[in-house]
Structures are given as C-alpha cells and as structure tokens.
Amino acid sequence: MSTISAKERMQIARQLMPEQEGLQRSGNFKEVNLGFSEQLAVLEAQRCLQCKDAKCIRGCPVQVNIPRFIQFITNGDLAGAAKSLASDNALPCISGRVCPQEEQCEGSCIRGAKGQPVAIGYLERFVADWALNQGSAAQEEAPAPTGKKVAVIGAGPAGLTAAGELAKKGHDVTIYEALHKPGGVLVYGIPEFRLPKKIVAAEVDRLTKAGVKIECNVVIGRTYTIPELQAQFDALFIANGAGLPVFMNVPGENFKGVYAANEYLTRVNLMEAYDAESANTPVLIGQRVAVVGGGNVAMDAVRTAKRLGAEKAMIVYRRTKEEMPARAEEIHHAAQEGVDFQLLVAPLEVVGDEKRWVTGLKCQRMELGEPDASGRRKPQPVAGSEFVLDCDVVVVAIGTKSNPLLTATCPELKLNKWGNIETDENGMTSLPGVFAGGDIVRGAATVILAMGDGKNAAQAIDRYLKTA
Amino acid sequence: MHTILAKKQLSPNVTRLDVLAPRIAEIKKPGQFVILRAREGDERIPLTIADADPTQGTIALVIQAVGKSTREIVAMEVCDAIRDISGPLGHPTELISSGRALCVGGGVGTAVVHPIAKALHAQGVQVTSVIGGRAKEWVIFEEELNRLGEVIVCTDDGSHGRKGFVTDAAKEVLEAGGIDVVYAVGPVPMMRAVANLTRPFGVHTIVSLNPVMVDGTGMCGGCRVDVGGETKFACVDGPEFDGHQVDFDLLADRLQTYREFEQRANACADGQCRIRR
Ligand SMILES: Cc1cc2nc3c(=O)[nH]c(=O)nc-3n(C[C@H](O)[C@H](O)[C@H](O)COP(=O)(O)OP(=O)(O)OC[C@H]3O[C@@H](n4cnc5c(N)ncnc54)[C@H](O)[C@@H]3O)c2cc1C
Ligand SMILES: Cc1cc2nc3c(=O)[nH]c(=O)nc-3n(C[C@H](O)[C@H](O)[C@H](O)COP(=O)(O)OP(=O)(O)OC[C@H]3O[C@@H](n4cnc5c(N)ncnc54)[C@H](O)[C@@H]3O)c2cc1C
Ligand code: SF4
Ligand code: SF4
Ligand code: FES
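Chains as they are written, first to last, in this note's numbering: chain A, 1 to 468; chain B, 1 to 277.
Please note: incorrect hints may appear among the correct ones.
Stated by the list, open to error - Using 30 Å as the maximum straight-line C-alpha spacing, the simulated DSS-like pairs for lysine-lysine come out as follows:
1. Lys-30(A) <-> Lys-378(A)
2. Lys-83(A) <-> Lys-209(A)
3. Lys-68(B) <-> Lys-362(A)
4. Lys-7(B) <-> Lys-355(A)
5. Lys-197(A) <-> Lys-163(B)
6. Lys-232(B) <-> Lys-401(A)
7. Lys-355(A) <-> Lys-378(A)
As the list claims (entries may be wrong) - Pairwise CB distance ranges (calculated):
8. Val-78(B) <-> Glu-425(A): 50 to 58 Å
9. Ala-202(A) <-> Met-1(B): 19 to 27 Å
10. Glu-26(B) <-> Gly-369(A): 57 to 65 Å
11. Thr-467(A) <-> Glu-26(B): 48 to 56 Å
12. Val-78(B) <-> Gly-80(A): 34 to 42 Å
13. Arg-83(B) <-> Thr-225(A): 23 to 31 Å
14. Met-1(B) <-> Ser-385(A): 56 to 64 Å
15. Gly-124(B) <-> Gln-287(A): 30 to 38 Å
16. Gln-116(A) <-> Met-1(B): 29 to 37 Å
17. Asp-424(A) <-> Val-78(B): 50 to 58 Å
18. Lys-30(A) <-> Ser-97(B): 58 to 66 Å
19. Ala-408(A) <-> Gly-124(B): 23 to 31 Å
20. Gly-27(A) <-> Pro-22(B): 16 to 24 Å
As the list claims (entries may be wrong) - According to the in silico footprint, chain A covers these stretches of chain B (three or more CB under 8 Å from chain A):
21. 84-96
22. 216-225
Hint data in this document are derived by calculation from the structure and do not stem from the laboratory.
From the three backbone atoms N, C-alpha and C, an ideal C-beta is built for every residue, glycine too.
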C-alpha cells in the first residue's frame, strides 16, 4: 500500500498526456497521444481517492472496477492491474483510447466535482499497452471444448469481444466478416493517429491464438444466409454494425468531390491511401475540405484531410462546440491541429463547376432557439445569411443507419422502425438462439457499448447452450 | 487464397481467368459479382461472375485491362493466387420465365450478358443476342451465345458480322416485334443508347451499372447512382436497374472522378499531386 495522505492526493494535479506537437502531427498519421510513462501513471493513479462507493464505476458502461486496477498501479503492480482490468474489459487498449471518458467514467469521478477527474482513460490505456508489450502474458489454460459451435457475424468490437468470451468458455467460434480485414469501424473508420492498426491486429491475433476462426470476405445475407448458419451452428451472434451512410439530400451531392465519411475514411484507413508510397486505392486530396457534422466521424475526417495535405480543413456544424457529440479530446486536438470550425452553419447545396466538380458549399447561418423536448437548443436559420464556402472536397459525416443487407434476407428477424434488430434483455432476437448486439441493435453508438453487448451476449449464449 | 486454374486471352484487352472459389461457384446467380483484391495492399475491384463450374469449384472472371489494377490482375498466371474474393454480391438478375428476350452486349459487357442469356435459355426463354466489338478480334463469347439462340454480331469496321453499332441491329430486332424484355450490358454510352432505343417500344430494359465501388456491402456510398430520381447504392440495390430510369449522365460523370483528377494533377505546373494512389 502506498502511504500518502488524502490531502497529498488532492494536491497532485491531473497529469497531461504527452502528445505529438500539433503542427508537426497534422503532417503525419502517427498516433497523437504518446502514452504515460510509468512515473506519470503512478502519479496520476495516486490522485484516485479509492472511493468506497465509486461513482466512476457506475459511469462506465461495462462497470470496470476502476479503483481496483488503479490501486494496483499505485502499488507498482502492473501485472496485477492488467489482470484486474482484463477481467472487466476485453479490449482495454482500445477503450482507453476511444471511450468518451468525459461522459462516462471520468464524467462521474468524484474528483471532477471540484477540479479535474482522475485520468481513468489514460491509465487504462497505460496498463493495457504495458500488458500488450509483455507479449502473450501467462497463457491461459485452454478450456475444455464444449462441442458447441457458435457463429459470429461481423468482426467489429461487438463481434470480437463476443468471440473472445465464447472461446474462453470452450465453444467452437467462427467469425464471418464481410471485408478483407477484421476490426470493423476500428480498422476502416477510426484513423491510425487515434487507434494504431497494430493494436487491433494484436487483439485479433490473440483471438485466433485462442482458437477463434475468422473467415473474411464472407457477406452474410449473400455468401450464407442466417437460416443456413442456423443449420450449421448451435447459436449465432449478429454484430454487423450500422454502416449505411446518411446523405444530406441537398442539390449537388453527387458532384465529383463529395464523399460520405465512410468512403473517405475507408479509402484512407482500410485501403491505406494514407501511405502515399504503397497505396493503390486513390483518394482526392482537397486543398480546401469541408466536413459536415460534429461527431467523432467528422473529427476523424477533418483531421485526416489535414494530414493528407489540405491547406484548409473545415468543420461545418449547425450548432456550437458545446453541442458537438464528438469526444472532447478530439475537438480539442482538431483545434490544435489548425482545423477551422464553421459553427452555427448549415449546408444548403453543393456548388460545382460546369464539369460537376465541387467548388463550394452553399450554407446558411443559424442561431440557437429555445430548448426543445430533449433540452437541446434547436438551431434556426438566420434569414438572408446565405453564403458560399469555397472548397474542392466535401465530406458528409451526419450519421449512419442500419444496413439492411443482412436483415432484408432474413424477414423472420424482428426489427424496430429504424431497421435495428430487436433483442430481449439477454440480447436474444426474435429467433431462438440468434443473438445480436452493437450498433445493429443500438443504432450508431460507441465502441464500449458494442463491447459490452458482445460480452453480455456471450454469457447469455453460454447459458442458452447449456440448457438447449 | 484463390488459385487461378486457367487463363485465356479472349480479345486484345480482355482476359478470362478461372479461379478457385467453391462457395461462390456453388451459389452464384446470373447478374451477381465479386469484389477481389489480388494481393495485399491492392485495390478492391468489382468483377461480374461470368460463369461458374460448381463441380470444379471455379468461377470465371472476364477482365478488361483498363487501368493499373486490372492490368495487374490479367498479368497473373495459372497457379498464382488471388488473395481475397468476396461475394457473390448484388441482386441476381430479374429473369423472365417465358417469352422472348433480347440480350445486348458491348465489349466486355458481353461477358456479363452471357450468364443472363444462359439462365434465360435454361428457363425456356427464346434468346436473341446482339453483340459488338471494334473489330473481329474484339468480339467475345460469340460461340457460347450461339448455343443459346440467334446471335447478331456487329463490328465498327465490318471485319466480322455487320458493320455498325449494336443499337442498329437491336433496333431491327425490336421492330420485328415479339421482344418481352431487353438486357443490355456494356460501356455507359451503349447502355444509354439502348435504353433510349427501347423506350419508344415500351420494352422493359435492364442494364447493369458499373460505378466505382469500395466495399460492396452498402457501407461507403461511393457506388451511388440515381434511378428514377432516387439515390441507390449499386452494390446492394443493383447492380441491375431499369434502364429507362437510370441517370446515365451522372454515372458517366462520376466514373471520371479519378481519371480526370489524375490528368489534372499531371497537367499541374507546380507538379503538386492532388490525388493519392
Ligand atoms: C469514424 C468513426 C469514429 C468513431 N469514433 C468513436 C470513438 O472515438 N469512440 C467510440 O466509442 N465510438 C466511436 N465510433 C462508433 C463506434 O466505432 C461504433 O459504435 C462501434 O464500432 C460499433 O461496433 P459494432 O461491433 O457494433 O460494429 P462495427 O464496428 O460497425 O463492425 C461491424 C462489422 O461487421 C461487418 N459486416 C457488416 N455487414 C456484414 C455482413 N452482412 N456479413 C458479415 N459481416 C458484416 C462489417 O464489415 C464490420 O467489420 C466511431 C465510428 C466511426 C465510423
Ligand atoms: C458491378 C460491377 C461489375 C463489373 N464487372 C466487370 C467485368 O466483368 N469485367 C471487367 O472488365 N470490368 C468489370 N467492371 C469494371 C471494373 O471494376 C473496372 O474496370 C475496374 O475497377 C477498373 O480498375 P483499374 O484500377 O484497372 O482502372 P482505373 O485506373 O481505376 O481506371 C481506368 C479507367 O477505367 C475507368 N473506371 C474505373 N472504375 C470503373 C468501373 N467501375 N467501371 C468502368 N470503368 C471504370 C476509369 O474512369 C478510368 O477511365 C465491373 C464494375 C462493377 C461496378
Ligand atoms: S471502459 Fe471506457 S468508460 Fe469504462 S473505465 Fe474504461 S475508459 Fe472508462
Ligand atoms: S470516483 Fe474518481 S476518485 Fe473515486 S474511485 Fe473512481 S476514479 Fe477514484
Ligand atoms: S460500394 Fe460501398 S456502398 Fe456500394
């Protein structure tokens, strides 16, 4: 046990994350946050008050026992911290990097009431990276095979987590993934500078070592149908995400130079257009890029544009920074990197030249009106405020819907009115033995919620298989 | 990995590869395509499944070398292997079950029309094919289509079959009457011309669109086309659509995205490249 007093703890200031300098990093795709050293981590860990009734835990969607793993850090027992963390969270290297901590664990931390909350996300990342660098830590003993077969559809965070948990219980797991590489949004959407590909690759590697089979290039609904899988497997987990881009439905949206964020990011990330030397997949490099939206996807797209070489990379958002749904850190990082924020601005039309190349985005200024039912102040147009924002590439990042490709080929699956799969409290769909989780159930949500669904579904599937 | 079991040059720039892909060979239907990635780091390229042999477990791809990726694919040899093949993708062709069909194929599009003609023939539909190419050596699948019904060959220079465009021959077939449906696959201008031709005849016309694609699962929106004023994703809603509803101008225009950009960038005096590939 460390011996510092509560008063001393209160006097330690929140440790800053070492990061690549803003202007330097906006020219490369390397990770922005460099990670805590052990010394910084221990200092930060000492700020935790080890609350009996730890509010932070309740703020975490998967109820990581935060004070417990932090206590191990304070004691210098990183292996203990890693073990503690791993028992609550299957992919801490990832959640530590991408969770909206300010709304979740850190948002509930008692130290945030007066001053800065404990940097739980940074600590989580520190421990998880440390464990990853130790290589295959104590190989867990292979569980006795149960002889039950489970198919997982989609290798995003929900599918990967479920597969890992199911393999731990001795089930024979096969993941079917539509793309050529597993990872879902973690590889095609979230850029290298926020979540290095090698971290996802290491997690995938760990799963295959644990006996999980991953078959890429298999599109369920086309290559195999749900009934075909039902005939071959004892249970299914559907985690195919919410990847159907929403467009603005404004004139000019099909001009050359308008991308949905999914396409833009997929070209750069999954297809590696960020690597100019070796990439075969092209992407348009705008000199002036306008990204429409205010979420994580928009921040990723605009920071990507900057890194690809845009002189001006702009966010066009119809509310103010306060209402932006993106992680606070991403907005902050984007600003540091020189991203231009066009706030209270709504697009009306994409403007193009005679050859239908984008030349601008016609916009309208907005003002915030009275709060609506949800408490958010609704933006309203300012009459006569139209103007054209010059740009040569427009990226639309205003959300995604559920992809009907799979569900359309299995009409027995009950959907809600948005096309998301309905599940009961165990994550089971209207088809017995068929479970679902992640964005296909929740609509576009978060990585940690998807992982939580994967974990819960794995437990429910295990129970189901024992009784079935 | 998908081993190439056979390779054949069909015309000066069109190559047929028979590739091991047992699952796809077993279930593919006419009109469907695959997306492949020849090697690690390569582009994802959509190609129609031109034929399949479920007993051998192979699918046939008929590839026109137009750019870097397609040139690299046709440079592969027997025993080489294609890294990734995803599919079968897209909706199968809407087939009529009786009556008469006119199948129009231009260039490599003939390879796409052939499986449709084959399936129609198997259902007892009477098939007439009109196919074309620049000159004799550019005409493909003539022999295969001959087994399914009447074939009219058109070449630009008259070196084989009739001299002229496929639309001229198609017009005569339509005027003779009795055609219930037209399937047209080829370069965008050809499909547009066929759609314009059949419109006054009121004959339902199905075309197969080839916009630029990335994932092929409806995730990226890159393959968007305008059909009847509505945005559709060709990879999941198509690739075949009612030719009378398609905005061909938009399709042709969007297909220019990377080509024009490349040319512009090359012409750029300061040499600053504005496209990455
Ligand atoms: C650019 C971007 C940035 C984001 N940033 C953050 C962030 O910082 N923090 C955060 O918490 N959340 C973030 N999110 C949201 C988060 O990534 C998602 O909520 C999460 O990935 C959902 O996980 P999932 O497993 O349900 O689905 P996905 O990650 O979407 O994975 C689904 C997988 O299923 C595959 N698939 C789809 N259809 C089929 C089929 N028919 N057959 C087989 N496979 C199929 C897909 O190819 C994909 O690999 C971001 C999202 C995007 C797009
Ligand atoms: C559903 C579908 C099925 C297809 N089936 C076949 C097939 O069976 N056989 C075949 O040879 N081709 C087919 N194509 C077209 C093929 O995918 C493209 O020719 C290929 O992607 C070009 O890649 P590249 O890198 O070699 O050429 P690029 O360097 O990308 O382009 C070279 C030239 O081809 C044009 N081009 C780019 N993409 C396409 C495209 N998708 N369609 C047409 N022109 C394009 C460019 O504008 C440019 O002028 C199909 C396309 C789709 C969408
Ligand atoms: S999983 Fe996310 S919310 Fe939970 S403790 Fe870790 S960073 Fe916080
Ligand atoms: S609420 Fe904050 S101080 Fe309390 S245990 Fe959690 S992290 Fe530590
Ligand atoms: S290719 Fe991406 S949506 Fe069709």
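Tested hints:
1. Lys-30(A) <-> Lys-378(A): With a Cα-Cα distance of about 38 Å, the restraint between Lys-30(A) and Lys-378(A) is violated, given a limit of 30 Å.
2. Lys-83(A) <-> Lys-209(A): Since the Cα atoms of Lys-83(A) and Lys-209(A) sit roughly 19 Å apart, the hinted pair holds (cutoff 30 Å).
3. Lys-68(B) <-> Lys-362(A): violated (36 Å)
4. Lys-7(B) <-> Lys-355(A): violated (40 Å)
5. Lys-197(A) <-> Lys-163(B): violated (56 Å)
6. Lys-232(B) <-> Lys-401(A): Given that 30 Å is the threshold and the Cα spacing comes to 15 Å, the pair holds.
7. Lys-355(A) <-> Lys-378(A): violated (37 Å)
8. Val-78(B) <-> Glu-425(A): 50 to 58 Å: holds (56 Å)
9. Ala-202(A) <-> Met-1(B): 19 to 27 Å: About 24 Å separates the Cβ atoms of Ala-202(A) and Met-1(B), which means 19 to 27 Å holds.
10. Glu-26(B) <-> Gly-369(A): 57 to 65 Å: holds (59 Å)
11. Thr-467(A) <-> Glu-26(B): 48 to 56 Å: violated (35 Å)
12. Val-78(B) <-> Gly-80(A): 34 to 42 Å: 57 Å Cβ-Cβ, so the 34 to 42 Å window is violated.
13. Arg-83(B) <-> Thr-225(A): 23 to 31 Å: Holds - the Cβ-Cβ distance for Arg-83(B) and Thr-225(A), about 25 Å, lies within 23 to 31 Å.
14. Met-1(B) <-> Ser-385(A): 56 to 64 Å: Given range 56 to 64 Å: holds, Cβ gap about 58 Å.
15. Gly-124(B) <-> Gln-287(A): 30 to 38 Å: violated (59 Å)
16. Gln-116(A) <-> Met-1(B): 29 to 37 Å: violated (52 Å)
17. Asp-424(A) <-> Val-78(B): 50 to 58 Å: holds (53 Å)
18. Lys-30(A) <-> Ser-97(B): 58 to 66 Å: holds (59 Å)
19. Ala-408(A) <-> Gly-124(B): 23 to 31 Å: Cβ of Ala-408(A) to Cβ of Gly-124(B): about 30 Å, so the range 23 to 31 Å holds.
20. Gly-27(A) <-> Pro-22(B): 16 to 24 Å: 47 Å Cβ-Cβ, so the 16 to 24 Å window is violated.
21. 84-96: holds (count 6)
22. 216-225: The restraint on the segment 216-225 of chain B holds, since 8 of its residues have a Cβ under 8 Å from chain A and three suffice.
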